[in-house]
Amino acid sequence: MFSFAITPLGNLFFGLSFIAFLSLISIQQKERSYILYTLLLSSLGVIFYANDLITLFIGWEIMSWSSYFIISKSAKLSTSQKYIIFNLGGGFALLGAIVLIYNFTGTLIYNDIIFNNIPIELRKPIYILLFITISIKSGVIPFHYWVVDTYQEADNLFSAILSAIISKSGIFLFIIIFTKIVGYKYLYSNIFDIVAWLGVITSIVTTVKAISEDSIKRLLAYSSIAQIGYIVTILSVLHGSSIEAGLYHTIIHTFVKLLLFINIASIIYITGKSKFSELGGLLYRYPILFLLLLIGIIGLAGVPPLGGFNSKFLIYTALLEQKKVFLLVAIMFSSVLAFLYCFKLIYGIYLGDEVNNNEYKSLPKSYYIAQIIGASILVILGALPALGTKILNPILISLDFKPTIYKSLFELNSHFASFNGAVIMGIFIVIFMAILTITLLVKNRTIKPRDKRDISYCGEVPHTNLHYGYGLGRELKRIEFIRVILENSISPYWNRVALITKDSSSILITLYNLTVQNIGLLIILFFTILLFIGVK
Amino acid sequence: MLSSLNQTPFLHGVITIGSFTILMIGLIGVLTKRNLFKIFLSFAIIETSLFLYFIGMHFEIGKTAPIVSSEVKRFSLNMTDPIPQAMILTTIVIGIAVLSLGLSFIINYFKLTNNMRVDEMNELGEGK
Amino acid sequence: MSIVYFVIFPILASFLTPFSKKYLKYLSFGINFSLLIYALTFIPLKSPIVESISLNLPISISFILDRASLFFIILFTLIMTIFSLYNIKESMRREIFILTNIFLASVSGLVLSGDIFNIYIFFEMASITAYIFTSLKRDKKAYSGAIRYMIVGSIASIFLLIGIMSIYLNIGSLNLLIIGKKFLLLDTPIQSLILISFFIGFGIKAEIFPLNFWVVDIYQATDNKINLLFSSILSKAYIFVFFHLAYILHVDSKILLFLATIGVISFGVAELSALNSRDIKRIFAYSTLGQIGVIFIGLSTIDNITLLTGAIFLIAVHSITKVMLFLSLDILEERFNSTNIDIFSRFSSMFLFTIFIIGLLSLLGLPPFAGFIAKLTILNGLILDKDYIFVVAILIISLIEATYIFRLLGLNRDREKKEKLEIDLNKKILLSLLAIIIIYLGVSPQPFISICRDVALTFIGGVHV
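Note that the protein sequences, when read in sequence, are chains A, B and C.
Residue numbers are given in numbering that gives the first Met the number 0: position 247 of the first sequence equals residue 246, and the series is strictly consecutive.
Residue numbers are given in numbering that gives the first Met the number 0: position 127 of the second sequence equals residue 126, and the series is strictly consecutive.
Residue numbers are given in numbering that gives the first Met the number 0: position 136 of the third sequence equals residue 135, and the series is strictly consecutive.
If you're looking for bench data, these hints aren't it; they were derived computationally from the structure.
Mixed in with the good hints, there may be bad ones.
[Unchecked claim] Below, in silico cross-link-like pairs of lysine-lysine (PhoX-like), each with a Cα-Cα straight-line distance of 20 Å or less:
(1) A:Lys-535 / C:Lys-253
(2) C:Lys-20 / C:Lys-140
(3) C:Lys-427 / C:Lys-88
(4) C:Lys-136 / C:Lys-180
(5) B:Lys-110 / C:Lys-139
(6) C:Lys-224 / C:Lys-385
(7) C:Lys-417 / A:Lys-72
(8) B:Lys-110 / C:Lys-136
(9) C:Lys-24 / C:Lys-136
(10) C:Lys-88 / C:Lys-426
(11) C:Lys-419 / A:Lys-72
(12) B:Lys-127 / C:Lys-136
(13) C:Lys-24 / C:Lys-88
(14) C:Lys-419 / B:Lys-127
(15) C:Lys-417 / A:Lys-75
(16) A:Lys-360 / A:Lys-274
(17) A:Lys-123 / C:Lys-385
(18) B:Lys-110 / B:Lys-37
(19) A:Lys-29 / C:Lys-417
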């Protein structure tokens with residue numbers, strides 16, 4: 000019944016999860032259930048190495064409920080409920096699709112499924128069911144309701160796994176189903192355009208929401224949804240180069256989010272605070288953490304010289320290649336907006352005024368491991384961008400796409416352009432060094448004010464935190480488009496669904512509280528009705 | 000004219016109408032009476048009506064009881080069908096067993112709650 | 000080797016009660032276990048065994064054992080064995096010994112009977128034991144529940160009697176074989192009268208939608224250990240009889256569609272109602288009703304073997320799961336003396352919590368537990384029949400089911416304010432055995448699926464004419 004196959008794609012995803020888990024497990028934590036973590040990791044292994052759909056589904060559901068038990072330890076009941084219901088809903092949609100596929104093709108093993116056997120009128124429902132699953136896992140727009148609360152309330156370290164690994168299983172499913180099983184050749188359906196646009200809209204909306212967010216973890220959650228939105232979009236373009244771009248971005252995003260979430264987890268561990276308004280000025284206390292966060296943010300923003308730029312470059316060129324100009328513009332817009340929250344992350348926590356806080360816990364060394372792994376991979380990929388291509392080529396071959404040709408590890412090629420990562424990195428380092436030396440030279444000659452507030456506020460010291468990152472995004476509301484996004488939210492709609500269910504439940508429950516005579520009456524009424532119909 | 004009344008179809012008609020009336024009486028009793036005793040009594044009435052109907056429909060004028068004795072050695076066509084009667088005997092026994100069990104429940108329930116009305120039986124339900 | 004022993008042996012054994020006061024628990028285990036072994040010896044069964052008592056065919060009492068009824072007998076005796084094993088360290092009243100014996104005899108009789116009047120007799124026997132079971136606690140709730148149960152049960156038996164009488168008046172026989180042959184020759188109104196009376200009579204007992212509003216109260220009134228018998232044995236026996244008769248009477252596809260629809264509604268209504276319930280016993284009762292709805296969907300077919308296989312699988316799995324859940328709940332109730340869902344946040348026991356996780360997730364149909372295989376097979380069968388609406392309905396309702404199941408499980412997370420729970424070794428062994436069965440059936444279902452397939456084939460074949 001169960002069959003497994005070791006594929007390059009599975010290796011990549013499982014490798015990523017294995018690194019993430021190892022680096023997190025090394026951090027000591029009280030009350031961690033190792034059984035559940037093991038179960039979760041092995042379910043991920045089952046998903047990534049499965050060779051038939053039912054094995055994949057089994058792994059999928061085990062992943063859902065084992066992560067539920069981990070989340071429910073720290074989250075509120077309603078949040079963890081949200082998590083499990085959405086994810087099980089996705090799982091059930093997947094189950095529906097699997098059963099449909101099985102009935103028409105007679106097999107569930109990836110390579111044996113001949114998708115052409117499925118009648119055309121049933122293909123669209125299958126696509127829709129699969130997209131529901133994928134969207135729920137990766138938080139595409141109508142289904143992103145569960146993501147933010149869950150990321151916020153889950154254990155700080157577990158949020159990293161949620162964002163870095165578990166959300167990627169949706170991406171994995173996308174690739175495995177639509178390339179391996181269905182085959183991109185058959186796929187030209189307008190659903191994919193819709194999904195591509197949904198992905199972009201998701202990323203724009205969540206980016207805007209992230210900018211005005213005060214809680215650090217919520218900001219990262221929104222950013223995570225936005226980044227996965229890019230991946231969904233680029234995968235929906237349905238082309239070999241877009242797969243490469245999507246996978247490249249998956250790798251980058253995994254390490255970026257691992258780095259950022261653990262960085263935030265360390266800040267929360269040290270200070271016990273998790274809001275921008277309560278933090279600030281930690282640069283001089285924790286310069287290494289600052290540096291790591293800086294690397295992470297450069298990766299997140301997708302600017303040279305770090306690895307984040309490579310995947311953005313591939314995404315843009317892949318979109319250009321397919322002549323999806325509007326999508327390209329939308330993604331660029333969203334990326335530019337993303338700079339704002341990146342800036343907020345670094346300014347709100349490390350720069351600005353230091354908020355008085357006497358209780359700093361000392362940070363265990365193990366917190367640095369995962370961050371250093373992430374940061375070094377970003378740096379290495381920045382200098383050797385084609386290393387990613389080298390890793391991804393076997394996957395592309397195994398999925399029947401053309402591998403990308405690269406001349407050297409330093410040079411990243413795409414359909415239109417190429418760039419040399421090492422050169423950029425070299426230039427950057429030179430400039431960085433120059434500025435650093437100038438700063439160090441000048442530093443001793445400048446006169447520091449006693450207290451920055453003396454000058455800024457004319458002696459009138461405000462009680463609130465006034466550093467630059469804190470209020471960021473507040474004034475953006477004046478822009479009509481952003482105001483609309485910020486003031487609207489999906490949650491009322493889902494809450495209404497929940498309310499309707501609850502109300503109908505309380506109506507129905509009265510049936511089971513009837514007196515016995517009324518029950519008898521109902522039975523006899525039912526009998527007469529049936530008799531009436533039956534005799535006719 | 001009177002002899003036509005002494006025919007099987009007429010008898011069956013009378014039995015059908017009569018037992019249907021009794022059935023209705025019982026049914027109304029079950030559904031409208033609030034006293035637990037009366038409800039169980041109504042069940043007994045319903046069962047009686049069913050017994051009457053079943054036995055009556057298998058009785059035909061001119062046939063004898065299906066009893067094998069020293070004189071009548073074996074079943075003959077002149078006897079009524081013995082199966083319904085055997086069935087009904089069994090059913091009566093079961094009915095009495097259920098009824099007596101029910102009555103004992105009611106008595107015990109009454110001892111505990113001082114309540115005999117079916118619409119005031121509110122021990123069970125959500126949140127109790 | 001006679002199949003009548005399944006009925007007679009437990010009844011006769013009840014007479015041992017006065018002679019063996021101290022050893023009743025062991026005796027009970029002995030009876031159930033020997034019956035289980037006895038049933039297992041029938042497994043190489045090829046063709047059905049028919050046994051008649053006295054008299055010739057039109058007026059005989061006949062028992063029929065085919066693969067379908069054997070499957071149910073094994074299931075019932077297995078559960079009774081588990082039940083008596085669980086009770087082996089508890090203090091047990093003498094009544095329970097007699098009642099369980101008669102109960103086992105009557106459900107075996109229901110499954111084995113080859114004529115409709117015998118089914119009625121066993122129906123009443125099972126009902127009477129169930130009434131007494133309900134009243135066993137001897138408090139207000141128990142008697143109130145027993146009276147309710149009795150009123151509804153009497154209505155059911157009246158409808159059943161009407162059906163049986165109409166059959167005898169029009170066909171002139173009580174034997175299922177003959178009824179099956181002659182039923183289609185009857186007029187349509189009489190046919191529908193008979194079908195509807197049977198539907199109401201057995202439907203009430205099989206706990207199907209518009210006829211099941213009484214069930215939850217009864218479960219609430221009754222002890223957990225007894226609920227286990229109701230949920231895993233009694234309702235299953237009635238479902239067997241219900242569909243046994245349906246197949247014998249050659250119901251047409253319209254009626255089957257009606258039954259399947261009623262199954263879906265039953266599932267939906269029960270699971271929706273469970274959302275707002277705050278009593279674990281009632282929640283389990285609702286979930287039993289829901290699962291019975293799914294079983295109805297699965298059994299409402301005469302040609303789709305996949306669907307039937309799934310339903311049979313679900314019957315077995317649901318029985319085992321509910322045994323496990325009710326036994327675990329019994330441990331909890333004994334400790335906290337309440338069944339409000341709050342008790343779920345008050346106990347601290349890794350073992351019991353794991354058992355609850357396995358049981359509830361299997362109920363929900365999540366892998367890698369046995370419930371998943373059942374659900375998968377049923378969905379598969381439904382798609383074979385192109386009943387897409389049913390598939391969508393089952394998936395959505397399962398989501399509603401997930402809501403209350405995970406709410407229940409999520410309650411047990413705070414480490415504070417919890418009491419450590421000590422569990423007897425024999426209970427631990429028993430529960431973990433059941434859990435292992437559930438996981439095993441979930442991970443390697445193939446052998447059991449082929450058994451279920453076999454059973455399903457025999458089941459729709461009816462009483463091998």
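Consistency of the hints with the structure:
1. A threshold of 20 Å between alpha carbons decides the hint, and for A:Lys-535 with C:Lys-253 the separation of about 14 Å falls inside it, so the pair holds.
2. Restraint check: the Cα-Cα separation between C:Lys-20 and C:Lys-140 comes to about 29 Å, which exceeds 20 Å; the hinted pair is violated.
3. Proposed proximity of C:Lys-427 and C:Lys-88 is supported: the alpha carbons are some 12 Å apart, at most 20 Å.
4. Proposed proximity of C:Lys-136 and C:Lys-180 is contradicted: the alpha carbons are some 46 Å apart, above 20 Å.
5. Using a Cα cut-off of 20 Å, the hinted pair B:Lys-110 and C:Lys-139 holds, with the two alpha carbons roughly 9 Å apart.
6. For the given pair, C:Lys-224 sits about 40 Å from C:Lys-385 by alpha-carbon distance, which is inconsistent with the 20 Å threshold.
7. At most 20 Å may separate the alpha-carbon atoms for a hinted pair to count; C:Lys-417 and A:Lys-72 meet this at roughly 15 Å.
8. Our distance criterion of 20 Å between C-alpha atoms is met by B:Lys-110 and C:Lys-136, whose separation comes to about 15 Å.
9. A distance of roughly 19 Å separates the Cα atoms of C:Lys-24 and C:Lys-136; the hinted pair therefore holds under the 20 Å criterion.
10. With a C-alpha separation of about 9 Å, the suggested pair C:Lys-88 and C:Lys-426 falls inside the 20 Å cut-off, and the hint holds.
11. For the given pair, C:Lys-419 sits about 18 Å from A:Lys-72 by alpha-carbon distance, which is consistent with the 20 Å threshold.
12. For the hint pairing B:Lys-127 with C:Lys-136, the CA-to-CA distance comes to about 16 Å; that is within 20 Å, so the pair holds.
13. Distance hint between C:Lys-24 and C:Lys-88 is fulfilled; the C-alpha atoms sit about 8 Å from each other, no more than 20 Å.
14. The straight-line distance between the Cα atoms of C:Lys-419 and B:Lys-127 is roughly 26 Å, outside the 20 Å bound, and the hint therefore fails.
15. Straight-line distance between C-alpha atoms of C:Lys-417 and A:Lys-75 comes to about 18 Å, which keeps the hinted pair within the 20 Å bound.
16. Taking the CA atoms of A:Lys-360 and A:Lys-274, the gap is about 17 Å. The hint holds against a cut of 20 Å.
17. Between A:Lys-123 and C:Lys-385, the direct Cα distance comes to roughly 16 Å. Compliance with the 20 Å bound is thereby established for this hinted pair.
18. Between B:Lys-110 and B:Lys-37, the direct Cα distance comes to roughly 18 Å. Compliance with the 20 Å bound is thereby established for this hinted pair.
19. Of the supplied pair hints, the one linking A:Lys-29 and C:Lys-417 holds, its CA atoms being roughly 18 Å apart against a limit of 20 Å.
Hint compliance for this structure: hints 2, 4, 6 and 14 are broken, all remaining hints hold.
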